[in-house]
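K.L.:
So the sequence shown is residues 5 to 610, counted in this note's numbering.
Since the hints were made in silico from the structure, they are not lab data.
Possibly wrong hints are sitting among the right ones.
In silico DMTMM-like cross-links for lysine to aspartate or glutamate, where the CA-CA straight-line distance does not exceed 25 angstroms [to be verified]: (1) Lys182 to Asp277; (2) Lys569 to Asp544; (3) Lys182 to Asp471; (4) Lys336 to Glu567; (5) Lys132 to Glu143; (6) Lys19 to Asp151; (7) Lys445 to Glu489.
Beta-carbon label-pair distances, calculated as ranges [claimed, not checked]: (8) Lys182 to Phe493: 25 to 31 angstroms; (9) Arg17 to Ala54: 16 to 22 angstroms; (10) Phe433 to Pro168: 54 to 60 angstroms; (11) His120 to Glu481: 38 to 44 angstroms; (12) Ile114 to Lys149: 24 to 30 angstroms; (13) Phe433 to Trp140: 20 to 26 angstroms; (14) Tyr275 to Trp140: 43 to 49 angstroms.
We treat Cβ as the ideally placed atom computed from N, Cα and C, and that holds for glycine.
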Amino acid sequence: MQGVLGVKPHVPRSKELESFKIRWKREIQQEYPTNESFELNIFGLWAYDAASGLAMAVEKLGATNFSFQKSHISRNSTDLDTVGVSLIGPKLLQSLLNTRFRGLSGDFQIVNRQLHSSAFQVVNVIRKGERGVGFWTPENGTVRKLDSTSKPNLGTIVWPGESPSVPKGWVLPTNEKKLRIGVPVGQGYSEFVKVTRDPSSNTTEVTGFSIAVFDAAMVALPYVVPYEYIPFEGPDGKQAGDYNDLIYQVYLQKYDAVVGDTTILANRSLYVDFTLPYTDSGLSMVVPTIDKRKKNAWVFLKPLTWDLWVTSFCFFVFTGFVIWVLEHRVNKDFRGPRSHQVGHYLLVFILNIEERIVSNLARIVMIIWFFVVLILTQSYTASLASMLTVQQLNPTITDINELIKKGEPKNWMNYFPNKSSKGGIAAAFDEIPYMKIFLAKYCSKYTAVGPTYKFDGFGFGSPLVADVSREVLNVTEGAKMLQFEKAWFGQTPSCPELTSSVSSNSIGLNSFWGLFLIAGVASCVALTTCITMFLYENRDILINLNPSSSIWGKIKAMATRFEDKDLRSHTFRNSDLSSNRPMHPHILFEYELANINHEQTRCHAP
Numbered sequence: 005m006q007g008v009l010g011v012k013p014h015v016p017r018s019k020e021l022e023s024f025k026i027r028w029k030r031e032i033q034q035e036y037p038t039n040e041s042f043e044l045n046i047f048g049l050w051a052y053d054a055a056s057g058l059a060m061a062v063e064k065l066g067a068t069n070f071s072f073q074k075s076h077i078s079r080n081s082t083d084l085d086t087v088g089v090s091l092i093g094p095k096l097l098q099s100l101l102n103t104r105f106r107g108l109s110g111d112f113q114i115v116n117r118q119l120h121s122s123a124f125q126v127v128n129v130i131r132k133g134e135r136g137v138g139f140w141t142p143e144n145g146t147v148r149k150l151d152s153t154s155k156p157n158l159g160t161i162v163w164p165g166e167s168p169s170v171p172k173g174w175v176l177p178t179n180e181k182k183l184r185i186g187v188p189v190g191q192g193y194s195e196f197v198k199v200t201r202d203p204s205s206n207t208t209e210v211t212g213f214s215i216a217v218f219d220a221a222m223v224a225l226p227y228v229v230p231y232e233y234i235p236f237e238g239p240d241g242k243q244a245g246d247y248n249d250l251i252y253q254v255y256l257q258k259y260d261a262v263v264g265d266t267t268i269l270a271n272r273s274l275y276v277d278f279t280l281p282y283t284d285s286g287l288s289m290v291v292p293t294i295d296k297r298k299k300n301a302w303v304f305l306k307p308l309t310w311d312l313w314v315t316s317f318c319f320f321v322f323t324g325f326v327i328w329v330l331e332h333r334v335n336k337d338f339r340g341p342r343s344h345q346v347g348h349y350l351l352v353f354i355l356n357i358e359e360r361i362v363s364n365l366a367r368i369v370m371i372i373w374f375f376v377v378l379i380l381t382q383s384y385t386a387s388l389a390s391m392l393t394v395q396q397l398n399p400t401i402t403d404i405n406e407l408i409k410k411g412e413p414k415n416w417m418n419y420f421p422n423k424s425s426k427g428g429i430a431a432a433f434d435e436i437p438y439m440k441i442f443l444a445k446y447c448s449k450y451t452a453v454g455p456t457y458k459f460d461g462f463g464f465g466s467p468l469v470a471d472v473s474r475e476v477l478n479v480t481e482g483a484k485m486l487q488f489e490k491a492w493f494g495q496t497p498s499c500p501e502l503t504s505s506v507s508s509n510s511i512g513l514n515s516f517w518g519l520f521l522i523a524g525v526a527s528c529v530a531l532t533t534c535i536t537m538f539l540y541e542n543r544d545i546l547i548n549l550n551p552s553s554s555i556w557g558k559i560k561a562m563a564t565r566f567e568d569k570d571l572r573s574h575t576f577r578n579s580d581l582s583s584n585r586p587m588h589p590h591i592l593f594e595y596e597l598a599n600i601n602h603e604q605t606r607c608h609a610p
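Just need the whole structure built from these sequences, with the hints factored in.
P.N.:
This is the structure we're talking about:
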C-alpha cells in the first residue's frame, strides 16, 4: 500500500471531540481493561451524532403522546412484527430532517435521508501510517487547505517506490524483452512505412505515416510500453512474404504486433485482433483521363447550343426587318436597290453604327438589340476561351461493368503509366489511401471513378487493442494527424482538372430567354406603332379607292405608298430644301404635292 492515495471523511478537531475521546477511553478501559486497541472510528462518531440529533428532534416536539400502535400478529409473524408503530413517527422524522448542529464528526445534516459529510480528506499511505495531502469539498473541489484562499492542488505526494515523480502506470520490467513490432519491407508506398539501413552503423531506421501514428498512440498511453520495430524480411533483405504472412506471424507469436499499411480483413481477423482504423476505408477504381478540349474546326459553334443559335439568328432577321420598316420611308440609306439596302442593314447591325438610324423608334429597338448582342458576345467569348484553354478531363472508363465488357487486362503500378494502347492497363483497383497518394502525383492524368467499395481500412494488429484503439482515435481526431499527413504526403495539390465538368458547358436558351423577350416585345411595339401611324396618315388612299376594290388591291396600294419617301420627314427637308443646295424640279413638285395633300387631309379631318 506504499504510496497509495485514498479519501476518508474529514473530522475537524474540536475541544468537544478531544474531551469525548478521553472519556471514551476511560470508560472502555474500565469496562474492558485487557483491550488496549479499541479506538473510536468515524462510524462511532456518526452514531453518537445521530443519537444526539434524535434527542434534539424529540425535544423540539415537546410534550407529546409517545404511544404505539400494535400490529396484527399472526402465526407466521417475526419478532419485529411485535414491535409497535409510533404514532408520532412522521412528525419525528420531519423534526430530525430539520435538525442542524455542530457534532463530534462535524456539521450534522441529513440530506436525502442520509448523513451528509461536508468534506473529505485526501490521504497518502506511507509505510504503516497516512499523511493528509489535501481536501475535497462539494463547493471548492480539491484544495490543499479548507479555506477560500487555498490553491486547487495537493501537497507533496510520495508515490510507490518513495518517488516524488508521478508514475505512468504499468511498465514492463526492464529485464524482460521489448515488444517486437513487425513492419513490412519494400512493398507498397514508402510514405506509409519506410525501412532505411545504415551500413556504417549497422542500424535500421523505420519511419513513415503509419509509424508516426503508432508512435503517437503509444506515447499517449497511460503506461510505458517498450517496443522495437523488426522488419519482416528474409536473408536477401526482401520481404519474407505478403501481408497475410506478416500478420500470421503475430498468431505464431514471432511478433507481438504488426504496424504498417495493413488492411483489416475478415480472414485476417481470425488470427489477430485489429485496432480501430486510422485511415479512410474503401476500394476505388482509378482510370486514365483524356483531354476533351474542343480542338476542331467547328469549335466556335460549341459555346452556344443549337437552339440559342437558331433563336439569335431569327431575332437578328426579325429585328433587321423591324428596323427596315421603321427607316425605309425616312432614311435615304434604306432606299434604293435591294442590294444596297441589305448591305447597309448588315453594316449597321455588324458594326453597330447607330448614327445611320434617324427614327426614334428604330433607335430604341437598336439600343435594346445592341444590349442583347453585348451580353451574348461576352458570354460567347468567355465560354469559347474556357473550351480552348481549360483542360476538360474525361475518364476513359466510367465503371467496372464497362471495364469487364472491354475485357481490358487488370494489373497495377508498373503497367499503368504505359496505358492500354501500349500494352498497359485501362484501370486499377486499390485502397483509398494508396489512391490518394497516386492521384496527388498524377492528378492531371488519372481520376477516380465509380462507386467506393467499403471495408475497414488500415489498422494495427496489437495485443493492447483496447488501449491502443482509444489512443488511435485521439490521434486521428487531433491536430497531430494533419501534421503527419503534411509530413509524409505533402500538401494537397490543386487539381482543377479533376473538378472540371465532363458534360457540355455550352450556354443554352434558358439563360437568355428573358433578354429575347424584352427585345421581341420592344420590336413588336415599335412595329405596331409605325404601321398604325402610317395607316392613319395615309387613310385617304383607302377612302379614295373604288369601294369595290379587293383587300389585296388595298394592300398593294398601301405598299406602293409605303415605297415612297416621307417628304414630311425632317431628314428630307433638311437635305433637299437646304438653302445651300439647288432644288431639283421633280423634288420641288413632290414636296408641294405632299404639302397640298397634307392640307387637304387637315381640311377634311372631322
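K.L.:
Taking the hints in turn, state whether each one holds.
P.N.:
Evaluated hints:
1. Between Lys182 and Asp277 the CA atoms are separated by roughly 20 angstroms; this keeps the pair inside 25 angstroms, and the hint holds.
2. Taking the CA atoms of Lys569 and Asp544, the gap is near 17 angstroms; set against the 25 angstroms cutoff, the hint holds.
3. Distance restraint check for Lys182 and Asp471: the Cα-Cα separation of roughly 18 angstroms lies within the 25 angstroms cut-off, and the hinted pair is therefore satisfied.
4. With a CA separation close to 12 angstroms, the supplied pair Lys336 and Glu567 stays within the 25 angstroms bound.
5. Taken as a hint, the Lys132 and Glu143 pair is broken in the structure, with Cα atoms around 32 angstroms apart against an allowance of 25 angstroms.
6. Among the hinted pairs, Lys19 with Asp151 is consistent with the structure: their alpha-carbon atoms are about 20 angstroms apart, no more than 25 angstroms.
7. Pair hint Lys445 plus Glu489 holds up; C-alpha atoms about 15 angstroms apart against a cutoff of 25 angstroms.
8. Distance hint check: the CB atoms of Lys182 and Phe493 are about 30 angstroms apart, consistent with the given range 25 to 31 angstroms.
9. About 21 angstroms separates the C-beta atoms of Arg17 and Ala54, a value consistent with the hinted range of 16 to 22 angstroms.
10. Distance hint check: the CB atoms of Phe433 and Pro168 are about 58 angstroms apart, consistent with the given range 54 to 60 angstroms.
11. Between His120 and Glu481 the CB atoms are about 40 angstroms apart, so this pair conforms to the stated range of 38 to 44 angstroms.
12. At roughly 27 angstroms, the beta-carbon separation of Ile114 and Lys149 lies within the given 24 to 30 angstroms, and the hint holds.
13. The given range of 20 to 26 angstroms is broken by Phe433 and Trp140, whose C-beta atoms sit roughly 59 angstroms from each other.
14. Separation of Tyr275 from Trp140 is about 48 angstroms and conforms to the stated range, judged on CB atoms against 43 to 49 angstroms.
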